[in-house]
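Peer 1: Two independent chains are provided; combine them into the complex using the hints.
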Amino acid sequence: MTSPYRPEFEAALSLLAQVSEAMRARGFTRPVLVGGAAAEYYTGSLLATGDFDLCSPAQPELEEEMQRHGFIKPSGPGMSTRGWIHPELRLGFEIVADVPMDGNVDRDHILLVENFDGDLTFAIIAVEDLIADRMGQYASGTARDRLDQARLLLRLNPDVDKVYLDRRIREESSGDYGVSDIED
Amino acid sequence: MASRTSKTDAKDWSGPRLDHAEHAACLAARRAQVDPGEPPRNEGTRRTASKRALLKAIEESGGNW
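If you read the sequences in order, they're chains A and B.
Using our numbering, read the first sequence as starting at 9 and increasing by one per residue.
Using our numbering, read the second sequence as starting at 81 and increasing by one per residue.
Just so you know, these hints were derived from the structure itself, not from any lab.
Just so we're clear, the structure is a prediction, and the values are computed from it rather than from any experiment.
Wrong hints could be hidden among the right ones.
[Said to hold, decoys possible] Label-pair ranges, simulated between beta-carbon atoms:
1) B:113 with A:68: 40 to 48 Å
2) A:72 with B:95: 20 to 28 Å
3) B:96 with A:33: 19 to 27 Å
4) B:117 with A:77: 23 to 31 Å
Think of the CB as a built atom: it goes at the ideal place given N, C-alpha and C, for glycine as much as any other residue.
Extracted from the complex, chain B is given alone in its bound form (with noise of 0.2 Å):
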């Protein structure tokens, strides 16, 4: 993973940081070391009505998530 960092020219965020673009080539090259298997399916046993009227309304209107 990327460094967290505090940097002080924080002028409204107090917490860690992170650099999007550090953490993106990070994980690409753990990526090519690590061999992550079949991605896990998320099985969607935990999803709400609400959820699922919303991933209903995706699909409808032509998202492929």
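The shape of chain A in the complex, shown without the other chains (with noise of 0.2 Å):
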């Protein structure tokens, strides 16, 4: 089978996939798969990210693991930042928050994604969620291109749950849009 995504991508959701797996040894939760490393997930690379964003309650354990990993703090001026950079496959991961969404996401609605590079799994966010999210930016009106995106995302994912969508999307932009506003 030919792989839609980018080399680098599948490097980077390679080692989450350890990461993960090494945080479940351990007894924690995986993180979660969050922003634009999910939207690249879904789309096939077709939208390219520029690092991973985690959400995970166990922050210290998980950065234990990422170091353990290769992982390292950026450091230097202007490098304050909470994202960790390995530094052989050249990408970031950075933990954004405890829960997905400030914890509006079901945990029923966390897809574990298996068989990635063998047996490997690693936790994502539902495409419906992170099309709601790309609708929330969006209405907030800072971020424009987000419904581009969120199109994107139904038309090469179309068979999402359409009423959990909907909903999800109506309480992200605080009912503004609905699934009619995404689709074709």
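Peer 2: This is how it looks when you write it as structure tokens:
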């Protein structure tokens, strides 16, 4: 099978899966992939990201595992960041919150991606919640480009739960938008 | 999108699951059917100071994302 993903993105996913497995082995929940990297996953790298945003309630332990897997904290002028970089793979991970979308995502709508790179797994926000997140940002008026991202995500993932998607878009956009606003 | 399943052999995961290979194959097929147009660019207007610093560090490490 020809993968739709960029090789460097797949390498980053593999690293995420390894860190996730280490967390699971220690008895912690896996970090949840959100944001631009989740958008890249659901678009087959049509939307490319600069780094990986993760949610985890066990931030110190996750950072320990990231260090064990080669991540370092950037240092130097202008490098005040919560993020970590992997100097060999030249990518970044950042823990942005304890839970996705301020806790508005039900645990039953977080997916476990299986059979990645063998039998590795990682957790990711549902595409419905990701689209709703994009629409919430669009509705805020601070990110007009998010409307096109939401439309692309839906076009490439047409088998979404549209009832749930519509509800989540309305919640995130304060009722301003629904699924009909992003359908072709 | 690939089907979501709730396999009973889950040891620690009670939620939905997504088979990566199936998902990737569905995406590749969908991309062949649908003209995605010019991929929308991230304008970066919502980046935090932390995010901007991280992206700067990635760029300085030689990353080209």
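Peer 1: Look at each hint and say if it fits the structure.
Peer 2: Status of the hints after comparison with the structure:
Against the hinted window of 40 to 48 Å, the Cβ-Cβ separation of residue 113 of chain B and residue 68 of chain A comes to about 45 Å, which satisfies the hint. For residue 72 of chain A and residue 95 of chain B, the hinted distance range of 20 to 28 Å is satisfied, since their beta carbons lie about 25 Å from each other. Under the hint 19 to 27 Å, the C-beta atoms of residue 96 of chain B and residue 33 of chain A, about 22 Å apart, fit the expected range. For residue 117 of chain B paired with residue 77 of chain A, a C-beta distance near 37 Å fails the hint of 23 to 31 Å.
When the structure is compared with the earlier hints, a violation turns up for hint 4 alone.
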